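Novice: Each chain, written out:
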Amino acid sequence: MSRKAVGVAGKRLSLSNLEKDLYPSYGFTKAHVLEYYRRISPFILPHLKDRALTLKRYPEGADREFFFEKRCPGHRPDWVKTAEIHRDSEEKMTVCLINDLETLIWVENLASLELHVPLARAGSAETPDSVVFDLDPGDGADILDCARVALILRDLFSGLKLASCVKTSGRKGLHVYVPLNRRETTFEDTKKFSRAVAEIMQKNYPALVTAKMAKELRRQRVFINWSQNDSSKTMICVYSLRARERPVVSCPLSWKELEDLAGLGDPERLQVLHDEAVRRAEAQGDLFHEVLMKKQKIPYL
Amino acid sequence: MARARQEEKTAMQVIWSGTISFSLVAIPVQLVKAVETGRVSFRMLHVKDYSPLARRMFCPEEEKIVSPDEIIRGYETGPDRYVLITDEELESVTPERSRTIEIAEFIDMREVDLIYYDHPYYLVPSKGGEKAYRLLAEVMRRTNRAGLAKFVLGEREYLVAVYSTEGVLALITLHYSEEILPDEGISPGETKVSAEEKGSIEKNIRKMMADFDPERYADRRRKKILDILRKKAKERAPVEAPPVGEEEVEGPADLVAALKESMRKVKDKR
Amino acid sequence: MAGKAIWKGFISFGDINLAVKLHTAVREDRIQFHLLHKRDRVKLRQQMICAYEKEAVPPEDQVKGFEVEEGKYIIVDPEELEQADPESSRLVEVHDFVKGVQIDPVFFERVYYLEPDANAKGYSALVAALQEMDVAGICTWAMRKRYYLGALQAAGKLLRLTTLRHADEVVSARSLELPKIVLSEKELKIGTELINQLTAPFQPEKFADEHQKKLRHLIEKKARGEKIAVLRPTRRKPTSPDRLLEALEASLKKVA
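Top to bottom, those sequences are chains W, H and G.
Quick note on this note's numbering: the first sequence kicks off at 21 and runs consecutively.
Quick note on this note's numbering: the second sequence kicks off at -4 and runs consecutively.
Quick note on this note's numbering: the third sequence kicks off at 5 and runs consecutively.
Derived from the structure by calculation, the hints contain no laboratory data.
Quick caveat, the model's predicted, so the values are computed rather than measured.
Where is the CB? At the ideal position from N, CA and C, for every residue including glycine.
Check before you lean on any hint, since a few could be wrong.
Examples of chain H residues lying across from chain G (beta carbon under 10 Å, computed) [said to hold, decoys possible]:
1. 27
2. 42
3. 89
4. 106
5. 113
6. 114
7. 178
8. 182
9. 186
10. 187
11. 220
12. 256
Restraint-style ranges between C-beta atoms, simulated for each label pair [said to hold, decoys possible]:
13. H:114 with G:225: 55 to 61 Å
14. G:181 with H:211: 48 to 54 Å
15. G:32 with H:229: 42 to 48 Å
16. G:186 with H:230: 57 to 63 Å
17. G:148 with H:37: 28 to 34 Å
18. W:202 with H:215: 41 to 47 Å
19. H:91 with G:18: 16 to 22 Å
Listed next, the in silico PhoX-like pairs over lysine-lysine satisfying Cα-Cα at most 25 Å (straight line) [claimed, not checked]:
20. H:226 with W:276
21. H:28 with G:47
22. H:122 with G:184
23. H:226 with G:149
24. H:255 with W:181
25. G:184 with H:126
26. H:43 with G:125
27. G:184 with H:43
28. H:187 with G:125
29. H:28 with W:317
30. W:24 with G:125
31. H:227 with W:90
32. G:47 with G:184
33. G:149 with H:43
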C-alpha cells in the first residue's frame, strides 16, 4: 500500500492509496475525493459539527461493497473528537465528530465517500434542529416529480410562515428542510408535523404523493418519508459526495434554481457534480446556512 | 431513546477507567478491547413486517418489557427465593480494587503458562498519565517483565498480567490456578522415544518452518457467508423495515386546520 | 481429573498422522446471579422485542436479516447459511511451524489437552521434537460447525492445542497510536531498578479468588438480614508528570 504523510492544520496524517480509483467509470481517485472535501470543507464542516457521524465506507470504490460504520474506528488518531451515544439499553457506542478539517480528511482517507448525520447534535440527541421531508420517487417517478412536490411544500410552508430549504439527495430524490433550531423541539413534534404534512399532501395530490412506505403504493408517486424525523435516523449530509457512477453531490439549490432547472424537463440537470458543487458554494455561499441558524416554531404544536 | 454525552477524546469503546499503580506511582488509564468480534452481523427481524428485534429483559409474569432501572441482581438461595445485591454492595466487597489495578509484583512473562490466559485487553493512558505510562511500558519492555495485579470488573475479581507490546500496555485476565484442570489420566506415561522417529518428525517440521502470519488464515466461514450475501444482494432487492412510530397519529386539530388552509391557498395559486 | 474428551481428531502434517482426543483444560466456577424485577422479584428472561409493535416475538416469527443499508435487510434462511458451515472432518491440519515466542499473547484463546488416542509412541516423539525445537504448529480444523485456527504445542509430556483468534478479530496494539514521549535515561534507569526490586517468580497459587469468598460472605450476611455497609470505591491520585522521577526515587527507597 502506498502511503503519504501530510500535515493538515498542524496534525500529521498518513494518507494511503491516493491513486486508488474510487469512481472507476469516471476516473476520480481518492486524491480527487480528498481535494473535493478540502475545498468544500468551509461549507460542509458547520453541517457536520457535533453530529454523531455514520461512515459509509467504500474501500474498493463506489461501485463495490460498502459498509456502514457507526462506531468511530478504534485506530483513530488521538485528536479525533468523539461522543458517547447510548441508545435504549443497548451497549454504549463511541462515534466520531467531524469538527475540523483534519478529521474530515482522516475519514475521507478511510474512503468514507458518504457522510450521514442525524438531525440532532450529539450533545442534545433528542433535539432536532430541523424537520426534514425526504422525497423519494417510486418506480416510474423521477426527480422532476420530486421537484413538483418540493415546490408545493415550499408554498405550503410559506403559508404557515415557515422558511424552507431544498437540496438534491444526490440520488433520485430531493430533501426539503424546515429549520427550527429551538431547544424545546422534540422528534415527537417533528414526526407529528411531518406526518401530518405528508398525509395532507397525499390527500390533496393522490396521484403524485404517498405517505406510505409500501413499495406498491409508491409506484409512479413520490414517497414523502416523514419517518426520517427520528433520533435513530440519519440523512446524507449536505455537500457530501454520493457513491454513484459519477461523483455527484447532495447539493443545496435555491428555490428559484429548482424551479428553473425542473422547468427544463431533464432529470439529469438536477444532478450536481463535484466541481459544480464547489463552484456554486464559492460563488453563492452556503445556501443551507439557514438550516443551522434560523429559529422557527412549528405552528399549533 | 438516544441519550448522548459529548466528551473530549476518549479511547475506543472504553470498558473501564481507573488507575494502574506500581509502588508509589499511579497512572490514570482506560481499559479498551483487544478483541472485536467479526463484522458479519445479522439482526433478527419480525417475519411479519421485517422490523428489527431487540433483546430486552422481559417479565414473564406481567408479560412486559422491564426497563433497566427496574432490574436488580439476585442470588438464588432456593426455588423463587433470592438475596438481592445492589451495585453499590457489590462494589463494597473490595472497594480498593474496583478503581485501581495495583501491580503486586513483577514477573517474567515467559513463566506464565498460556493455559492461564483468559481474555486480552489494552490499557491506554488517560490525560496526564502519558509519561508515566510510557515509562512503565518501556521499562517492562527492556526487562521483559509483566506486572501481576488483581482488580474487580463487574461481578468478578480478576487476576491479571500487564505486559508491554509495541509500546502499549496489554492486560490479560488470568484463570485462577484452581480453575486449571489437572492433566492426570491424559498423559501417555513413560514411553521411550526412538531417536529415529523423533528425527523424522523434526525433519518434517524443519521443512515447514515459517513466520507467524495470522492474516493468512482468515475465517473461512465468515468469507463464505459474505459470498452468500453478495450473491443474494444481486438476486433480489433487500426488504425494508417500517418506520418506527405510532400508528395513525393525526396532527392536532389546529395544525391540521392550518395545513388545510395553507393547502387551499397553494391549490388556488396553481 | 481432567474433563472428559470433547472431540476426536487426527493431527496431520508431512507423513505424520496422529489420533488424539481433546480435553478441556480450564473450568470456571463463578457465583451466578439472576436478574429480577425489582418490584416483585420475578426472574426476568431475555426476549426478542419487535421495535415496531413493542411486543415479544416468538422464535417461529423471527427471521435473520443482514443490514445492507439503514433499515434495509437481506433475508437469509438458516439453510443458506448452512452452506457456509464447514464439512465435518476429523483432520487437524498443520500448515506451518513457527518459533514459540512469535505468537503475541492476545491471539491465544483457549487451551485443550490432547490425549493420545491410538499411537502413543508417535505422540511422545512429537512432544519431544516440538519441545526441543521450541516451535508451535499452526493448524486449522473444523469442529462443531466452526473453523478453528490453533497452535499445537508441547508442555511437559503432553501435547496441547490452543485455539487462536482470527487476525481480523484482534485489534493491533499499533493501531492505538499512542503519543510518543521521550523519557530521560535517569527515569528509565530508576524505573528498571524499581521493577527489578519488585520482581518475583510467577506463583499463581498465591492469588486465590478471595473475592468469590468475600462475595459469598456478603450474600450470607444479607440473607440473614444484616445490614451491609456500603463502601465507596477508592481511587488513587495520579502521579503528575513532573513528579514522576520523585515518585520513582521514593518507591525505590521504600523497597530497597
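Novice: Take the hints in turn and mark each one as holding or not.
Specialist: Hint-by-hint comparison with the structure:
For residue 27 of chain H, the interface hint holds, since its Cβ comes within 10 Å of a Cβ in chain G; the closest pair sits about 8 Å apart. Restraint check, residue 42 of chain H versus chain G: the minimum CB separation of about 5 Å is within 10 Å; hint holds. Residue-level restraint check for residue 89 of chain H holds (minimum Cβ-Cβ distance to chain G is 6 Å; threshold 10 Å). Interface restraint check: residue 106 of chain H against chain G, minimum CB-CB distance 4 Å, threshold 10 Å, status holds.
A distance limit of 10 Å between C-beta atoms decides the matter here; for residue 113 of chain H the minimum to chain G is near 8 Å, and the interface restraint holds. Interface restraint check: residue 114 of chain H against chain G, minimum CB-CB distance 9 Å, threshold 10 Å, status holds. The interface hint given for residue 178 of chain H holds, since its Cβ lies 5 Å from the closest Cβ of chain G, which is under the 10 Å cut-off. The beta carbon of residue 182 of chain H is positioned within 10 Å of a beta carbon in chain G (closest approach about 5 Å), and the interface hint is therefore held.
With its C-beta approaching chain G no nearer than about 4 Å, residue 186 of chain H sits inside the 10 Å limit, and its interface hint holds. Given the 10 Å rule on beta carbons, the hint for residue 187 of chain H holds: about 8 Å separates it from the nearest Cβ of chain G. Hint status for residue 220 of chain H: holds, given a least beta-carbon distance of 5 Å to chain G, under 10 Å. Violation of the interface hint for residue 256 of chain H is found here, the shortest Cβ-Cβ separation to chain G being roughly 33 Å, above the 10 Å cut-off.
In this structure the hint that residue 114 of chain H and residue 225 of chain G lie 55 to 61 Å apart at CB is violated, the actual value being about 31 Å. For the pair residue 181 of chain G and residue 211 of chain H, the beta carbons lie near 25 Å from each other, so the given range of 48 to 54 Å is not met. Under the hint 42 to 48 Å, the C-beta atoms of residue 32 of chain G and residue 229 of chain H, about 45 Å apart, fit the expected range. Taken as a hint, the range 57 to 63 Å holds for the pair residue 186 of chain G and residue 230 of chain H, whose Cβ atoms sit roughly 58 Å apart.
The beta-carbon spacing between residue 148 of chain G and residue 37 of chain H, approximately 19 Å, falls outside the hinted interval of 28 to 34 Å. At about 54 Å, the beta-carbon gap between residue 202 of chain W and residue 215 of chain H misses the expected band of 41 to 47 Å. Take residue 91 of chain H and residue 18 of chain G: their Cβ atoms lie about 55 Å apart, and the range 16 to 22 Å is violated. Restraint check for residue 226 of chain H and residue 276 of chain W: not satisfied, since their Cα atoms lie roughly 44 Å apart, outside the 25 Å limit.
Restraint check: the Cα-Cα separation between residue 28 of chain H and residue 47 of chain G comes to about 31 Å, which exceeds 25 Å; the hinted pair is violated. Our distance criterion of 25 Å between C-alpha atoms is met by residue 122 of chain H and residue 184 of chain G, whose separation comes to about 14 Å. For the hint linking residue 226 of chain H to residue 149 of chain G, the alpha-carbon distance of about 22 Å falls within 25 Å, and the restraint holds. For the hint linking residue 255 of chain H to residue 181 of chain W, the alpha-carbon distance of about 14 Å falls within 25 Å, and the restraint holds.
For a cut-off of 25 Å, the pair hint linking residue 184 of chain G to residue 126 of chain H stands: about 9 Å separates their Cα positions. A C-alpha spacing of about 60 Å is found between residue 43 of chain H and residue 125 of chain G, which places the hinted pair above 25 Å, so the restraint is violated. At most 25 Å may separate the alpha-carbon atoms for a hinted pair to count; residue 184 of chain G and residue 43 of chain H exceed this at roughly 55 Å. Taking the CA atoms of residue 187 of chain H and residue 125 of chain G, the gap is about 8 Å. The hint holds against a cut of 25 Å.
This hinted pair does not check out: residue 28 of chain H and residue 317 of chain W have alpha carbons roughly 45 Å apart, beyond 25 Å. The hinted pair formed by residue 24 of chain W and residue 125 of chain G fails the criterion: a straight-line CA distance of about 57 Å is larger than 25 Å. With a C-alpha separation of about 24 Å, the suggested pair residue 227 of chain H and residue 90 of chain W falls inside the 25 Å cut-off, and the hint holds. For the hint linking residue 47 of chain G to residue 184 of chain G, the alpha-carbon distance of about 51 Å lies beyond 25 Å, and the restraint is violated.
As the CA atoms of residue 149 of chain G and residue 43 of chain H are separated by approximately 30 Å, the hinted pair breaks the 25 Å bound.
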